[in-house]
Amino acid sequence: LDTSTHTDSRRLRDLEGLTETMGAQVGDCPSRCHCEEDGMLQRVDCSDLGLTDIPANLSVFTSYLDLSMNNLTLLSSGALSNLHFLEELRLAGNDLTHIPKGAFYGLFNLKVLMLQNNQLRRVPGEALQNLRNLQSLRLDANHISSVPRGCFDGLQSLRHLWLDDNSLTEVPADALGALSSLQAMTLALNRITHIPDRAFTNLSSLVVLHLNNNRIRTLGTQCFDGLHSLETLDLNYNNLEEFPIAIRALSTLKELGFHSNNIKSIPEQAFTGHSTLLTMTITGARITSLPTTVCDQLPNLQVLDLSYNMIQALPSFRGCEKIQKIDLHHNEIEELQADTFQGLTSLRSLDLAWNKLSSLNPLSFSSLPALIKLDLTSNRLSYLPVSGLHGLTHLKLAGNEDLQELLPAESLPKLRVMELPYAFQCCAFVSCEKHSSPWDRDNNHNGKDDFGRREGILNSDSFSDLLLDFDDEPKSHHTVQCSPSPGPFRPCHHL
Amino acid sequence: EGPPSCSNGCERCSEYNGCIKCKPKLFILLERNDIRQIGVCLASCPQGYFGMRTPDTNRCIQCKIENCEECFNRNFCTKCKEGLYSHRGRCYPSCPEGLSTTNGTMECVE
Chain V
145 LDTSTHTDSR RLRDLEGLTE TMGAQVGDCP SRCHCEEDGM LQRVDCSDLG LTDIPANLSV
205 FTSYLDLSMN NLTLLSSGAL SNLHFLEELR LAGNDLTHIP KGAFYGLFNL KVLMLQNNQL
265 RRVPGEALQN LRNLQSLRLD ANHISSVPRG CFDGLQSLRH LWLDDNSLTE VPADALGALS
325 SLQAMTLALN RITHIPDRAF TNLSSLVVLH LNNNRIRTLG TQCFDGLHSL ETLDLNYNNL
385 EEFPIAIRAL STLKELGFHS NNIKSIPEQA FTGHSTLLTM TITGARITSL PTTVCDQLPN
445 LQVLDLSYNM IQALPSFRGC EKIQKIDLHH NEIEELQADT FQGLTSLRSL DLAWNKLSSL
505 NPLSFSSLPA LIKLDLTSNR LSYLPVSGLH GLTHLKLAGN EDLQELLPAE SLPKLRVMEL
565 PYAFQCCAFV SCEKHSSPWD RDNNHNGKDD FGRREGILNS DSFSDLLLDF DDEPKSHHTV
625 QCSPSPGPFR PCHHL
Chain L
5 EGPPSCSNGC ERCSEYNGCI KCKPKLFILL ERNDIRQIGV CLASCPQGYF GMRTPDTNRC
65 IQCKIENCEE CFNRNFCTKC KEGLYSHRGR CYPSCPEGLS TTNGTMECVE
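These protein sequence lines are chains V and L, in that order. Numbering-wise, my numbering comes out as the position in the first sequence, counting from 1, plus 144. Numbering-wise, my numbering comes out as the position in the second sequence, counting from 1, plus 4.
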């Protein structure tokens with residue numbers, strides 16, 4: 145993407161020749177602007193100066209020009225025509241309503257063009273013609289409702305396109321047809337309601353596609369055909385009612401998100417052909433069940449987020465050997481079978497909070513060697529099967545009023561952070577006798593309990609995104625945090 | 005040190021934390037200043053960050069990709085650090101197997 149060493153040396157030879165012939169000064173810096181030397185070239189920052197016109201005496205060796213946050217309302221044709229070395233032009237945050245043909249004439253080396261946060265109503269196609277080296281084009285946060293056919297013609301190097309936060313009511317399929325090198329595009333925050341078949345058919349290099357925060361209700365069954373390289377598809381915050389079976393065309397998909405839609409069910413063979421899928425997020429829909437063969441279709445899945453749905457029963461996740469995180473909180477799950485989570489040797493975090501679990505099979509968690517975080521907050525449990533939980537470091541059981549038994553600390557030796565239903569249950573982990581009164585604590589007490597764990601009062605550790613901050617190896621001496629913490633008014637003895 | 009002033013894109017300025025609400029369409033970047041966070045309003049996010057737009061707010065979020073200078077979203081890089089090669093939004097010390105660069109760019113293609 146960036147200029148490599150070969151192109152740089154050729155450009156420098158051009159520069160030296162140009163300097164001699166034109167005798168131009170590299171050092172011309174328009175008044176009130178801030179200029180920095182970039183080798184033989186110059187970076188010019190004229191942002192936020194209240195300018196109403198482009199500075200006249202710009203050096204021909206300007207490689208970077210920032211005119212953001214000014215009051216430019218018009219770009220005259222040829223205004224920048226002598227800036228042959230310009231690579232980045234920033235015009236964000238002005239009041240441009242129209243950009244005439246020829247405005248960018250002469251910018252043969254332009255790579256980055258920022259036009260976001262202006263008042264454009266249509267893509268200024270005439271002005272964009274022949275920008276052959278343009279790689280990044282920002283048109284986000286305008287009022288664009290029209291993307292004329294051919295407006296992107298000639299942009300053969302374009303890799304990244306921002307059209308989010310505009311007024312598009314449909315996918316500009318015709319115009320996009322010219323962008324076979326495009327790798328990342330966002331059409332988020334528009335008013336698109338339907339995606340027709342073959343809308344992205346020429347975008348064979350596209351890797352990332354954001355369509356979130358639109359009003360998409362229906363998808364053509366072949367609307368994603370042609371996206372042979374797509375890895376990330378974001379359909380969050382739309383009005384989808386049916387599961388988008390069009391994703392079957394996406395054989396390289398790694399990350400799929402369509403939370404906050406109205407999808408009620410997932411068809412049995414929904415993920416056929418998606419062996420590459422790593423992350424799937426379908427939260428906030430109204431899904432009541434999952435395909436029984438979900439893991440046969442998704443053998444490489446690593447993260448599954450199905451929180452905030454209406455799932456009542458779970459299939460067996462056998463076959464998802466690579467799955468590391470399952471979020472099922474805020475559903476209506478009532479029971480777990482012995483084989484529900486059988487054989488998930490990579491599973492590290494399981495979140496079943498806010499369900500209706502009343503009975504657990506004794507073997508529910510028996511074959512999860514990597515499990516370190518288990519959240520069963522606010523269910524209806526009266527008993528916790530501890531078989532297989534010896535590696536657990538974080539356990540949350542608050543809100544299970546019927547669970548009044550003591551937990552066997554010897555079966556949970558690595559626990560460091562706990563939220564339990566009652567204070568007395570913490571005593572097995574936080575040695576309450578030494579805490580009968582903070583004033584007469586034994587001074588030579590070194591603050592360790594019987595398991596060599598340093599005691600502490602809980603300020604509950606937040607369950608941040610697990611994949612980002614796993615403690616691979618528990619520290620040799622770690623703080624045990626347990627809540628509700630026992631004390632004078634919450635004695636260790638169960639009243 | 006008196007309360008920090010706010011840039012002209014700010015809609016609501018706080019006494020000790022800079023801007024807490026930017027004008028529409030601008031991105032808010034939270035800069036750390038000692039123990040304080042100072043809000044700054046920008047038309048585009050600085051290097052190492054990308055701009056995420058949502059219906060309620062626009063924020064600058066850190067790129068999470070190794071060896072990346074500028075990114076499109078959390079896991080797609082648009083500009084790798086000097087001397088590194090890029091392929092499908094990732095940065096490499098050399099082109100992955102089966103790929104090579106074309107006409108002097110730093111991009112690896114089939």
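Hints in this document: simulated from the structure, not taken from any laboratory. All values reported here derive from a predicted model rather than from experimental measurement. Treat the hints with care, since some could be wrong.
Claimed, not checked - Straight-line alpha carbon distances no greater than 25 Å define the calculated DSS-like cross-link-like pairs of lysine-lysine that follow:
#1 V:Lys500 - V:Lys517
#2 V:Lys517 - V:Lys558
#3 V:Lys408 - V:Lys398
#4 L:Lys68 - V:Lys469
#5 V:Lys398 - V:Lys469
#6 L:Lys68 - L:Lys85
#7 V:Lys398 - L:Lys68
#8 V:Lys469 - V:Lys408
#9 V:Lys466 - L:Lys68
#10 V:Lys517 - V:Lys469
#11 V:Lys466 - V:Lys398
#12 L:Lys85 - V:Lys517
So, going through the hints one by one against the coordinates:
1. V:Lys500 - V:Lys517: It holds: about 19 Å lies between the C-alpha atoms, which stays within 25 Å.
2. V:Lys517 - V:Lys558: Holds: lysine 517 of chain V and lysine 558 of chain V sit about 11 Å apart, inside 25 Å.
3. V:Lys408 - V:Lys398: 23 Å, holds
4. L:Lys68 - V:Lys469: 19 Å, holds
5. V:Lys398 - V:Lys469: Roughly 15 Å separates the two Cα atoms, so the pair holds.
6. L:Lys68 - L:Lys85: OK: lysine 68 of chain L and lysine 85 of chain L at ~14 Å, within 25 Å.
7. V:Lys398 - L:Lys68: Distance of about 17 Å is within 25 Å: holds.
8. V:Lys469 - V:Lys408: With a Cα-Cα distance of about 23 Å, the restraint between lysine 469 of chain V and lysine 408 of chain V holds, given a limit of 25 Å.
9. V:Lys466 - L:Lys68: Distance of about 22 Å is within 25 Å: holds.
10. V:Lys517 - V:Lys469: 9 Å, holds
11. V:Lys466 - V:Lys398: This hinted pair holds, its Cα atoms lying about 14 Å apart.
12. L:Lys85 - V:Lys517: 36 Å, violated
The earlier numbered hint that this structure contradicts is number 12, and it is the only one.
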